[in-house]
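Q: Sequence:
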Amino acid sequence: MNDVKKLITNKNIWFLHALTVVSLCIVIYNHWMIGLALSLIFGLIIFSGLRTEDRLKRKIEQYISTLSYRVKKVGEEALLEMPFGIVLYNDDYQIEWANPYMNDFMESDDTLIGENLSDLSGDLIKAIKDENDDLRVEIDGKIYRAVIKREEKLVYFFDRTMYADLEKRYQNEETVLSIIYLDNYEELTQAMDDTSKSRMNSRVTSILNRWSKENGFYLKRTSQERFLAVMDRKTLEKLEANKFEILDDVRELISDQNVPLTLSIGIGRGTADLRELGDMAQSSLDLALGRGGDQVAIKDEQGKVKFYGGKTNPMEKRTRVRARVISHALRELVNESDQVLIMGHKMPDMDSIGSSIGILKLAQQNNKEGYVVFDRDGMNTGVQKLIDEIDEDEELSEQFASPEEALDMVTKNTLIVVVDTHKPSMVMEEKLLNRTEHVVVIDHHRRAEEFINDPTLVYMEPYASSTAELVTELLQYQDGRVKLTTLESSSLLAGIIVDTKSFTLRTGSRTFDAASYLRSKGADTVFVQKLLKEDLDVYVKRSELVKSATIFKEGVAIAKGHTGVSYGPIIIAQAADTLLTMDGVKASFVISERSDNQIGVSARSLGEINVQVLMEKMNGGGHLTNAATQLEDTTIEQVEEQLRDIIDDYMQGGDSS
Numbered sequence: 001m002n003d004v005k006k007l008i009t010n011k012n013i014w015f016l017h018a019l020t021v022v023s024l025c026i027v028i029y030n031h032w033m034i035g036l037a038l039s040l041i042f043g044l045i046i047f048s049g050l051r052t053e054d055r056l057k058r059k060i061e062q063y064i065s066t067l068s069y070r071v072k073k074v075g076e077e078a079l080l081e082m083p084f085g086i087v088l089y090n091d092d093y094q095i096e097w098a099n100p101y102m103n104d105f106m107e108s109d110d111t112l113i114g115e116n117l118s119d120l121s122g123d124l125i126k127a128i129k130d131e132n133d134d135l136r137v138e139i140d141g142k143i144y145r146a147v148i149k150r151e152e153k154l155v156y157f158f159d160r161t162m163y164a165d166l167e168k169r170y171q172n173e174e175t176v177l178s179i180i181y182l183d184n185y186e187e188l189t190q191a192m193d194d195t196s197k198s199r200m201n202s203r204v205t206s207i208l209n210r211w212s213k214e215n216g217f218y219l220k221r222t223s224q225e226r227f228l229a230v231m232d233r234k235t236l237e238k239l240e241a242n243k244f245e246i247l248d249d250v251r252e253l254i255s256d257q258n259v260p261l262t263l264s265i266g267i268g269r270g271t272a273d274l275r276e277l278g279d280m281a282q283s284s285l286d287l288a289l290g291r292g293g294d295q296v297a298i299k300d301e302q303g304k305v306k307f308y309g310g311k312t313n314p315m316e317k318r319t320r321v322r323a324r325v326i327s328h329a330l331r332e333l334v335n336e337s338d339q340v341l342i343m344g345h346k347m348p349d350m351d352s353i354g355s356s357i358g359i360l361k362l363a364q365q366n367n368k369e370g371y372v373v374f375d376r377d378g379m380n381t382g383v384q385k386l387i388d389e390i391d392e393d394e395e396l397s398e399q400f401a402s403p404e405e406a407l408d409m410v411t412k413n414t415l416i417v418v419v420d421t422h423k424p425s426m427v428m429e430e431k432l433l434n435r436t437e438h439v440v441v442i443d444h445h446r447r448a449e450e451f452i453n454d455p456t457l458v459y460m461e462p463y464a465s466s467t468a469e470l471v472t473e474l475l476q477y478q479d480g481r482v483k484l485t486t487l488e489s490s491s492l493l494a495g496i497i498v499d500t501k502s503f504t505l506r507t508g509s510r511t512f513d514a515a516s517y518l519r520s521k522g523a524d525t526v527f528v529q530k531l532l533k534e535d536l537d538v539y540v541k542r543s544e545l546v547k548s549a550t551i552f553k554e555g556v557a558i559a560k561g562h563t564g565v566s567y568g569p570i571i572i573a574q575a576a577d578t579l580l581t582m583d584g585v586k587a588s589f590v591i592s593e594r595s596d597n598q599i600g601v602s603a604r605s606l607g608e609i610n611v612q613v614l615m616e617k618m619n620g621g622g623h624l625t626n627a628a629t630q631l632e633d634t635t636i637e638q639v640e641e642q643l644r645d646i647i648d649d650y651m652q653g654g655d656s657s
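Going letter by letter, the sequence shown gives residues 1 to 657 in full-length UniProt numbering.
Certain hints may be false.
[Said to hold, decoys possible] Label pairs and their calculated CB-CB ranges: (1) R226 / D194: 34 to 44 Å; (2) S566 / V147: 17 to 27 Å; (3) S198 / L407: 53 to 63 Å; (4) R519 / K431: 30 to 40 Å; (5) V147 / Y170: 36 to 46 Å.
[To be verified] Here are the computed lysine to aspartate or glutamate pairs in the EDC-like style, where the Cα-Cα straight-line distance is at most 16 Å: (6) K553 / E641; (7) K541 / D577; (8) K304 / D408; (9) K617 / D645; (10) K553 / D649; (11) K346 / E245; (12) K213 / D193; (13) K501 / E534; (14) K142 / D123; (15) K368 / D338; (16) K553 / E534; (17) K213 / E245; (18) K153 / E131; (19) K586 / E554; (20) K304 / E449; (21) K431 / D408; (22) K547 / D583; (23) K346 / E369.
It should be emphasised that the hints constitute simulated quantities derived from the structure, not laboratory data. For each residue, glycine too, the CB sits at the ideal point set by N, CA and C.
Please construct the entire structure, taking both the sequences and the accompanying hints into account.
A: Right, here's the structure in full:
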């Protein structure tokens, strides 16, 4: 309206009127008759314009009045009829007003007025306090997007159920690729005739085909020992809920050699790129096989991995051919380097130190300078006697370097050999891994999700008793006669004896072969027993832990130390081993404080319970029968409660991820 007035009363118009009046005055002055006539005409024009302006104003005012009424009515209608919810609340989070859309949430004829926001969703008040302006809530089985305007104390609710259903459907129909591998098929069928082999193939194929048909996914055999499976995410979730029972079904197929056949399954999910899915499936399979097989590994696009299975103790599958190939490859890498730095894990044990000394001798055998990276400040008492003996050997002790000295020595052409671990966070000095591109990993633990990036050579055999056993075999295939002193060979033998609990656990024929070789090189069993002797105080402390043990479940013993009393990792592990020797105990867990202000858990089993997957749920790891973890910012009681919940879940499922 004001714009119209401005248009009518524009300064230019008034200027023209003024100019017209001046012109009329001049005409009247010269020709009054003509001027009078023109003045009359000008007056009529002014009069007509004023009447037209008045009519225009009235029409505009009427139009605006009608439009305002319509806008007001539309606003009221929209406020009451619009297909989304509006809620006004007060300082006490009580609803003061809600549009009719929101009242549909009430089962009776009552309104929401006077109700609390928490009656709609328990997340609303928390979101308001946390200054979260946009959140997703579920009300009466429907999904809503809630937009909060805190200054106006106003909440909008937009129905997103249809989009949530579409999203869920998209996720359920997401493509999942799986590679299924028969772990020990080649070993089992080597001595079979064609009839037996055909019968086994038929039985395996029949079981897997029935499994795929029952769960509705595509399965294709691509080779004698490999299958390809294509499914969707919903099917995968169903298989996860059943803990991949197919592992048990196939394991029950006993071959003519009375050896069970086992499966390893690698699964990739979380992306629409089929090539990437295939790579993830293969990577998952490699991870499952690296952990000993008989299990499922599922990897998503973020690299996170979940495991199922792994219930059986891995059988010895490695061959001497592989050991010889690895030994020759390692020799080539040593010869191409300017020096060799060897390091085990933090808080080293006998296996870590013994295998480090073995690789040191391998480097010296190939005329290369080698050093064992060792941190004396991070040493536990269990290896003190061995270190004392090394210190007395002037030639050997000179080959031990601190992490700081190693960082000064390392060059781009240095070969780093990591033994008895494959986790970068566990090595003696992680910075060394980034100083060279030549890294070798030798380990006997099952492969974990955390792994050293891009190693040049990996020799991981979870079927081996110890890393010392693997290193001993590598030494046997080096050119020339390897010379080992009594201390060096005894250190390797001590590593084997400690990890096998004096040849009683995880011991294969190759373990005795390695021990025999070391004995021929001068290893002294009496000297080893001297290294393994313990102090009376250590024995008493271990006995205190054993005394605190209680039976949690049938066959499961849990012991815990006193609050404020710290125990070394060796004592905790020994206490768990001792508990395992008790009648009726299938698995043992020992919880205590450590000197580094962490809570340590040591787990042992006889093989029926997979303690590795239990410890992995607590950010640890290890073997099926031997595992551990360390936790920060917690208490013994909290760790015990967490452990009990994990064991409960494992026992109820019969398997665990």
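Q: Against each hint, give a clear statement of whether it holds in the structure.
A: These are the hints, each one checked on the structure:
no., hint, in the structure
1, R226 / D194: 34 to 44 Å, "violated (20 Å)"
2, S566 / V147: 17 to 27 Å, "violated (53 Å)"
3, S198 / L407: 53 to 63 Å, "holds (60 Å)"
4, R519 / K431: 30 to 40 Å, "holds (38 Å)"
5, V147 / Y170: 36 to 46 Å, "violated (24 Å)"
6, K553 / E641, "holds (14 Å)"
7, K541 / D577, "holds (14 Å)"
8, K304 / D408, "violated (35 Å)"
9, K617 / D645, "holds (11 Å)"
10, K553 / D649, "holds (12 Å)"
11, K346 / E245, "violated (38 Å)"
12, K213 / D193, "violated (30 Å)"
13, K501 / E534, "holds (15 Å)"
14, K142 / D123, "holds (15 Å)"
15, K368 / D338, "holds (7 Å)"
16, K553 / E534, "violated (32 Å)"
17, K213 / E245, "holds (14 Å)"
18, K153 / E131, "holds (12 Å)"
19, K586 / E554, "holds (8 Å)"
20, K304 / E449, "holds (8 Å)"
21, K431 / D408, "holds (11 Å)"
22, K547 / D583, "holds (15 Å)"
23, K346 / E369, "violated (23 Å)"
When each numbered hint is compared with the structure, violations occur for hints 1, 2, 5, 8, 11, 12, 16 and 23.
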